[in-house]
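**Q** These protein sequence lines are chains A and B, in that order. Residue 10 is where the first sequence starts when you use the working numbering, and the numbers rise one by one after that. Residue 10 is where the second sequence starts when you use the working numbering, and the numbers rise one by one after that.
Because the hints were derived from the structure by calculation, they are not lab data. It is possible that part of the hints are untrue.
Any copy will do: because identical chains look the same in the list, a pair fits if it lies in one copy or spans two.
Stated by the list, open to error - Subject to a maximum C-alpha distance of 20 angstroms in a straight line, what follows is the list of computed EDC-like cross-link-like pairs (lysine to aspartate or glutamate):
1. Lys45 with Glu61
2. Lys31 with Glu109
3. Lys139 with Glu102
4. Lys20 with Glu37
5. Lys139 with Glu86
6. Lys45 with Glu138
7. Lys60 with Glu98
8. Lys83 with Glu47
9. Lys45 with Glu164
10. Lys60 with Glu102
Note that the coordinates shown come from a computational prediction; the quantities given were computed from them, not determined experimentally.
Spelled out, the chains give:
Protein chains: 2
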Amino acid sequence: MDDVLADTSIKIISEINKRLNKSYSMPELLSNDVRKMEFYQDYLAHNSFLKEPGFFLDLPVKENAVEIVKELGKHYEIFIVSAATEFPESLKEKLSWLEEHFPFISWTHVVFCGHKYMIQADYLIDDHEKNLRTFSTGTPLLFSALHNLHIEGYERVNSWNEIGNLLIPHE
Amino acid sequence: MDDVLADTSIKIISEINKRLNKSYSMPELLSNDVRKMEFYQDYLAHNSFLKEPGFFLDLPVKENAVEIVKELGKHYEIFIVSAATEFPESLKEKLSWLEEHFPFISWTHVVFCGHKYMIQADYLIDDHEKNLRTFSTGTPLLFSALHNLHIEGYERVNSWNEIGNLLIPHE
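Next up, chain A with everything else stripped away, as it sits in the complex (with noise of 0.2 angstroms):
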């Protein structure tokens, strides 16, 4: 889910600037090195927020999510497997963020957990290369983010339009 399906970096981009008093910005992190390592290292020691009732309630969507998961729920079965119970106050919140912008997902096909390398499957779209290296049963794709763009080795896309030309077969 975050990072994939919701923009969670935004947010926590976002409530570090709040609360820090800073001024990060996507764009800045995306080409500068040096700020990039002071954010995170703000990020680490001030991450608390992530604990907090309501943070994943409101994140944005990422752009296409919708429309493109719709589209390959016609040719794949999907599940959304969110590692999560690292935050028990995330959980309910995750359940209604998916109800509010992805209804068509039934509860069926949510799965919380901590390790995914239980999880068989074709295809993980996933942004933690922990995750993609122990997937076992099928092809993993590497989901851009502000964290991973050091990471080598994995078939990579930057976006869900990227995944719906991969994934969604041609007439």
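Keeping the supplied structure of chain A fixed, place chain B upon it in accordance with the hints.
**A** Quick look at chain B alone, frame taken from chain A:
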């Protein structure tokens, strides 16, 4: 979790008795099919308490579950997989319950889902035939519960002691 680690049926019987002014008991339901049918009719018509805050917080632990799961953890990697995403209120409560009674199980090994058929494992210990039937990567074990006594075709375990005898390697 429910009716495997936690004695959910006992609490359901107690809630039905309290709310409908009935006097069902587990020994009676186990031995009297007419009363069992009456009970399930009451349950199906009055089970909204499952979605109320607090229901999953104080479930009794199944006899010897803690000791045997802890011992199994020395020989197996254990995931707790609960079909719980139908009940948004339950998720945080289930994490609290696990933390209270099974503090040696990390959040990394807790999975809340709907369907379970995308889980790969060597064994699945479950009280529902629908979960065992679609389990494709290992050995299904049917944990006896009031609602599954009529199910045939699966290896059945009646208690955590039986699971221990079956799965803990003998010295």
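**Q** Hint by hint, note whether the structure agrees.
**A** Evaluated hints:
1. Lys45 with Glu61: neither (24 angstroms within a copy, 44 angstroms between copies)
2. Lys31 with Glu109: neither (31 angstroms within a copy, 40 angstroms between copies)
3. Lys139 with Glu102: Answer is neither; intra-copy 24 angstroms and inter-copy 28 angstroms both fail.
4. Lys20 with Glu37: within (15 angstroms within a copy, 55 angstroms between copies)
5. Lys139 with Glu86: Between copies, since 18 angstroms is at most 20 angstroms while 23 angstroms is not.
6. Lys45 with Glu138: Only inside one copy: lysine 45 and glutamate 138 sit 19 angstroms apart there, 51 angstroms across copies, limit 20 angstroms.
7. Lys60 with Glu98: Classified as both: same-chain Cα gap 6 angstroms, cross-chain 17 angstroms, threshold 20 angstroms.
8. Lys83 with Glu47: neither (43 angstroms within a copy, 42 angstroms between copies)
9. Lys45 with Glu164: neither (24 angstroms within a copy, 55 angstroms between copies)
10. Lys60 with Glu102: both (11 angstroms within a copy, 15 angstroms between copies)
Hints 1, 2, 3, 8, 9 from the list above are not met by this structure, while the remaining hints are.
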